[in-house]
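If you're matching them up, the sequences are chains A and B in order.
Counting with the working numbering, you get residues 1 to 266 for the letters of the first sequence.
Counting with the working numbering, you get residues 267 to 1005 for the letters of the second sequence.
Hints are supplied without guarantee of correctness; some may be wrong.
As the list claims (entries may be wrong) - Which chain B residues face chain A? A few, computed with CB under 8 Å, are given here: (1) Ser698; (2) Leu769; (3) His856.
Claimed, not checked - Derived CB-CB ranges, DEER-like: (4) A/Asp105 x B/Arg626: 26 to 32 Å; (5) A/Lys80 x B/Glu807: 43 to 49 Å; (6) B/Glu807 x A/Arg19: 56 to 62 Å; (7) A/Ala257 x B/Glu873: 43 to 49 Å; (8) A/Gly54 x B/Ser789: 53 to 59 Å.
It is worth saying that the hints were derived from the structure and are not from the lab.
Note that the structure is a prediction, hence the values are computed from the model and not measured.
Ideal placement from N, C-alpha and C gives every residue a C-beta, glycine not left out.
One-letter residues, chain by chain:
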Amino acid sequence: MACVACGVETRPGVLMCSRCLGSLGDPLSLVPRMQDPTADSRLFHRGSLIIRIGPVAGEDVELGRGVEPALRLRSLLEKKDEIALGAFVDKYLAGAGVGLHLWGDERLPKRSLVWNVVSSIKGGEGNGQAWGRASLRIGNVHSLIVKNAAPLPVDGQWLSNFLIYHTREAEKAYVRGRQVTELSSIADSDLAMLRLFSGKGEEALGLLEPLSDASDPMNMPFIIKRAVVLDILGRKDGALAELAKVPTERMDRRALALKLRLEDAR
Amino acid sequence: MTLDEGMESRFDARIVKALRDLDADAFRSFMIHLVSEMGLKVTGAVTVDEVAVLEAEREDSKYLIMASRRPEHASAAGLKLVRERAMLEGRLPVLMVTSRLDEEEQQEAERLEVSAADRSKLLLLLKKYELTAPLLKEIDRKILEKEGNRFLPSIGRFDSLMQAVEDAMKQERYQDALSELDRALELKPEHDLAWRMRAQSYLALGRTELALEAIRQAINIRDNDAWSWYLLGVILDQLGRNVEELGAYEKALKHFPRMPVAMLNKAATLFAMNRKAEALQVLDDMVRFYPNDSQAQLNRGIVLHSMGRGKEALESFESVSARDPSNVQALVYRATALEEMGHLNQAVDAWKEAVQAERRRADLWLRLGEAQRAAGMIDDAAKSFSVSATLDPSLEGAVRQRDDALEATGLLRPQEPSMSKEDALVRKYLDSALLLQAIGEHDEALREADRCMSFEPRAAEAFVRKASVLMDMGRIEEAIASLTTAVLEGARTEEVLLDLESLTYKLGRKEEALRMLANAPSSNEVLVRRCLNELDLGRAEAALRHLPERGEEVYAVALARALALAGYRRHADAVEVLRSLNDRFPASPHLMNALGVGLRFAGQLEEAERVLHRAVETEPQHSDAWNNLGCVHYLQGAYDEADRCLKEAVLIDRRPQFLLNLGMCQLGRDELPGAESSFEAAMQLEPGAEALNGMGIVAERRKENARALELYEAALKRRPEFRDAQYNRARVRMILKGE
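Working from the sequences, and respecting the hints, build out all of it.
And the structure:
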């Protein structure tokens, strides 16, 4: 085999050598991305309101572009304003489609700022709700990188280091998120998904088990996550049984699609 | 060479250099002057690529004169070019060039019957008509200009106006063209070409009666111009006056017997009047005179087809396609004719060619699907219907036919993945493309995707990957084409559709983007996009309609709702949504700014001031929030504070809106020089009615009423419905009357 970029000889099945992979700048380029997945570009560029002093020829309130997120990130980092930084990261990643719950099928925007935001947060910046939410979202970005990079046929040593780094960053972020009581269960369930993506399905099921009490309506997302894990592990009946615990009115589009697919496959 | 000859030669060289140094307008004016001196009446003049093309006439002869300073035109090619142009207009060709024609080229001119004046003949003409002195004066003028002396041009004003008209028409600014024509016709009211252009401009603006009036005026001035008669025909066609229209084309053909466009339109009119045999006769003549004219051949086919002469019609369509394979109309008629003749497989191939020529036309995909279904190719039909429905969900029948066909084929159910050897190879290509893209090797990534497609042409994922790489490279149109094919090949439709929509929106095709969303499965994402697109198009009510009843909402839906409510002027409701968003994301200056604006319009000025103050404290670079805080202070009568905030906004981001607000605030403080400079700065950034109106107010306050009137009128020219400028103009007019 030979590296598809430089042609150097590689091991059987390896498409890219570690030297070429060293020039990988944004690890999110390994994650499926979309042009404007949550209409986020539109909201950033047309989502700010501007008042006009009359008399005006058109409307007295117009849509503007607001503050460039890249500039705001830089100024917050320079000012070391922890509270505002946490709020910014939380809102920016939410707008970019990174939820508190991790599912694995998320599509992130094709914008380098997403990775700039995630990589500029080193951990331990602040406390409170906003930082808790920001941490979960940061952890989810790292987990998505793990999920999508793990199956790639690239140099084994490089891949191993890469996966270890992003797994650790995700774990650290989930620990920080866990410190906010209201977010601790979500943090555990996201960690379970990370384990699944690292090939540890049983461990994932174990982590979700204590969260899956169907008598509490708040637990429905965790039950759906268990179904997702069981499905990926090939235990389709188990997955369907989990989904049967979720009342139809509590099913989101993802859960409904999974249920239909599992039923069709029967 | 004697001394005299040497001086003469230097003098000639100076004259030729002067001619070559003239700018395009001045050169054209000069040539008009020369031709007029030669006793010809110049009836039209344009500049094309620095070449002056003049229409002139004397007694019964009409000429087309091409005057060029480009050396490549002093050649056999130049002679052919002028001959072809002249032939097309039924005129005699004349070529004037500033370079030499060699003996062979002069013989070629004779052979082609082109009257040619090369460098030496041209110099003789200039001397004969004593035009060398003005040329040398022009050299002196340029020297004076270089030295900084002001020179007032007094000649060529009409020509420069006509040039402005042409430019405006080329850019489809017909209203501007009409304004320039008014001025041109003030100078030369009997200029038939100006009237004809006026008619063309009115026609383009849909003001058909005025167009008719103008073209009649052109014909009254000169009734032997074929183009004016032709245009009269076109205008009458718009008015549905077929009999008179036919008469106009006949007149055009009397003055220019084989005028192609008049022949085409005459045939079309006859066809519309159901005089098919006569229409066919005209088209037969045309095909004989102009055997390479695809439109004539195509129209002949259409007439034959309507007369039930299918086989002959098909021959006509095939002859067009053979000559011009991208002529979609011909392909469509050919496919239709084949269908009607029962040649189903050939019809499918013909529709495929049509689709290949225009891949984004939903109606063609629909017709291909129908043909495939008729030929029993149900799977292929389902895919064609899918593409059609994706491209234009509103197209009648597209969605229903797609669903019917999908159901018939069972394609609605997802297939179980299986990893054959072929699949593994496809996966390898796709992984390679992904990795190469990730390290920025875009060309290589594209090649891998292409290899994948050549190995497995139906690998939808390869088209998606290719589109992703093309997007990274900024090749948006190609990315759109690749995504469209991905849909055809059964890619995950919703995601691909959303990406297609994003790219279409990015290209500014917002209505098209909305149509794509209309048939997408409902999701938060689709709803937000529809809402924001409607808002962008200024349709706040429609934007609001797209959103579901309010409940637990994700961030994007809530923000879109707030923006739509603000746009629809339901500010109290917008405030309610924004308050809850601010609770969820505290410390967001973006949301504080939006809430501040909502509060200002809900009349809660003090709270608006507090919230906007917090916004600029949290993010001192938030220019919108500084602007909005300034506006709130202004409303509260705190002009000094308002002035400070608005200046801060301008300092951060010099946007015209901020400058206009600052100007109004400065007017409020009676700070006229400041206001004037703000309005002028706004005008430089984005010329608009508001800046002109503001400058008018400044002038009026300085008692410069005539200037104020000019400025208000200029504002109204840009925005006739601008109320304040209307009042201001009326007031100043009254004052000026009193004076």
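Have a go at the histidine 856 of chain B hint: is there a Cβ in chain A nearer than 8 Å to its own Cβ?
Because about 5 Å separates histidine 856 of chain B from the closest Cβ in chain A, which is inside the 8 Å limit, the hint holds.
Given the range 43 to 49 Å, decide if the beta-carbon distance of lysine 80 of chain A to glutamate 807 of chain B lies inside it.
holds, 45 Å
Tell me if the beta carbons of aspartate 105 of chain A and arginine 626 of chain B are separated by a distance inside 26 to 32 Å.
holds, 29 Å
Interface hint check: leucine 769 of chain B, Cβ to nearest Cβ on chain A, cutoff 8 Å. Holds or violated?
This interface hint holds because 6 Å falls under the 8 Å limit.
Range agreement (Cβ of arginine 19 of chain A with Cβ of glutamate 807 of chain B, hint 56 to 62 Å)
holds, 58 Å
Checking hints one by one. Is serine 698 of chain B an interface residue toward chain A, by the C-beta closer than 8 Å rule?
Constraint on serine 698 of chain B satisfied, holds at 4 Å.
Supplied distance hint 43 to 49 Å, evaluated on CB atoms of alanine 257 of chain A and glutamate 873 of chain B
holds, 44 Å
Tell me if the beta carbons of glycine 54 of chain A and serine 789 of chain B are separated by a distance inside 53 to 59 Å.
Cβ of glycine 54 of chain A to Cβ of serine 789 of chain B: about 40 Å, so the range 53 to 59 Å is violated.
The structure fails hint 8 only (numbered hints given earlier).
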